[in-house]
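**Student:** This is what each chain is made of:
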Amino acid sequence: MSDMTTLSPVAASTARIGRWRWQETAFWLLVVASYFLFSDRYLILTEIAWLALFALSLDLILGYAGIVSLGHAAFFGVGAYGVGLLAKHGIIEEPVLALLAAGLMAMALGFVTSFLVIRGTDLSRLMVTLGIALLLRELANRFSDITGGFDGLQGFTIAPVLGLFEFDIFGRTGFVYCTVVLFVLFLAARRLVNSPFGLSLRAIHNNRLRAEAVGIPVDRRLIAVYTVSAFYAGVAGALFTQTTALASLDVFAFERSADLLLILVIGGGGYLYGGLIGAVVFKILQEIFSSITPQYWLFWIGLVFVVIVLVGRERMRRWARVAPDFLLRRLGLSRGVGGGGSRGGEP
Amino acid sequence: MTLALETIGLDKRFGGLHVTCDLALKVEAGARHALIGPNGAGKTTVINLLTGVLTPDAGRILLEGRDITALPVNRRVRAGLARTFQINQLYPELTPLETIGLAVSERLGHGADWWRRRGTRAEVNDEIARHLEHFRLTDVCDERTVTLPYGKQRLLEIAVAIACGPRVLLLDEPAAGVPESERHDILAAVASLPRDVTVLLIEHDMDLVFSFADRISVLVNGALLVEDTPERIARDPQVRAVYLGEAQDA
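Residue numbers (my numbering), protein chains in the order written: chain A, 246 to 592; chain V, 110 to 359.
For reference, chain A alone in the conformation it holds in the complex:
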């Protein structure tokens, strides 16, 4: 602490960039703990893991660069079918390599379509992304001899991860595998957003006119992040197929893209954990609501969504800051404990 005061404001500020915070450690410890605590729920945990990766992918373009998309399932679907076809025809057997290959396929599609998406307004972006996903779905439907059409792509098995870890029916391997992939790609995304490149995305999101007027090649930055995001979405889709050994037309479904937006709204964009937290909350809500009312659970999800948007993120963040202190005070603990807790948070 004492040397902090001798640092110049710029040095002190830049030293804080990208520093690992205790909340982050806590988050990932909880992920590890979930492996032991919910050993009978690996299947749903696995779903949360690839869904979180998918949401992270949307966060990169929406939360950071401000590109809205209603068709992110396009890349998810390409990854899903890609990995399925690779396995079915025995082209790439090893899951991690197949995962990379499928991610690269989605990435290629992302690069090509980025030129259509980056131009224009939010509305035209919504329409173009939506259109691309619909187009791919119909293509998959039309070429049913390759994709299996409405029946989906089936009759393939996924080889053991790295030739060592067999996928088991309880989903233990699947969960660990998805979580490790999520963590690695999360670290890469964290690196990316804390770089000058990442900051320039936020600048473009904040004020495109000014970003251009300081010499930032806006289109190129947007193409780059859209392409990276497509890779992430493709990997998420590939994980889906690898852990379920199935790829059907609904990987391209509009609902998948729409749910994803919902997830990011629940968790909040632009700080990387939003997609992850959103995926957890979304799945839990889905579980709770659908066990109470199997038919109308979407009603309640919709209600939660409307409330979140109306209350607003700024206000919720304020509550989240105030609530712990308030609770501690109600529990009769001295504020010294609360204050010490938050200060001790600085690593």
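It is worth saying that the hints were derived from the structure and are not from the lab.
Just to be clear, a hint being listed does not mean it is correct.
If you want a taste of the chain A side facing chain V, the calculated C-beta under 8 angstroms gives, among others [unchecked claim]:
(1) 259
(2) 437
(3) 440
(4) 442
(5) 445
(6) 458
(7) 460
(8) 461
Here are some chain V residues pointing at chain A (derived, C-beta under 8 angstroms) [to be verified]:
(9) 200
(10) 269
(11) 340
(12) 343
The beta carbon of each residue, even a glycine, is placed where N, CA and C say it ideally should be.
Dock chain V against the given chain A, drawing on the hints supplied.
**Tutor:** Quick look at chain V alone, frame taken from chain A:
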């Protein structure tokens, strides 16, 4: 005499409206040049043409002798032409430090670095610190821009443009909307701009123009009416007629 910025036969029409007519603007290197004109004279269009927001129908733009007419906005900045906006164009959610850092690292060619943590290059950090200090923004360098007082935002607007390392700086009404109490800071910042940067000032405020400029061009109906020293412009009967006549037209 070298020219920092020159337009040759610059022409622009919006449908039937001829907004820029065969404009030949010459700004000498190191000059403090002002572009004035009554409302609707086409000053904003000239800025948009110079910076690349609009494409001219005819004519060329030379920056230190180099033809930049075909370059997009961001490439012109890298070629050495920066601007400020009449209405602040800043990043509401970013801090002054980040705002200036973006301009500096883009200029030094580090803007596309995606695997390196930002803030780890000493030369970038030093330069950011220098700009913050010069524009008296150090104490607010970690505040979000949207929370800053208007005068500070106005200073940041100029600081960002300078951080682009321009050879020629276009100042679009720098004192516009600044409350009287903070006006002094803006004028001081404008007066202390580095001498090796050529400045083209677009301004309504005649006090500022005549205290700052050593050369003035008067734009009327998209065409250059006259270009001369401030003393002669002040006495010029044509200019007087335009500024007095404006009231009669309206």
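**Student:** Each of the hints needs a verdict: does it hold here or not?
**Tutor:** Hint by hint, here is what the structure shows:
no.	hint	verdict
1	259	3 angstroms, holds
2	437	5 angstroms, holds
3	440	5 angstroms, holds
4	442	4 angstroms, holds
5	445	6 angstroms, holds
6	458	6 angstroms, holds
7	460	4 angstroms, holds
8	461	6 angstroms, holds
9	200	4 angstroms, holds
10	269	6 angstroms, holds
11	340	34 angstroms, violated
12	343	33 angstroms, violated
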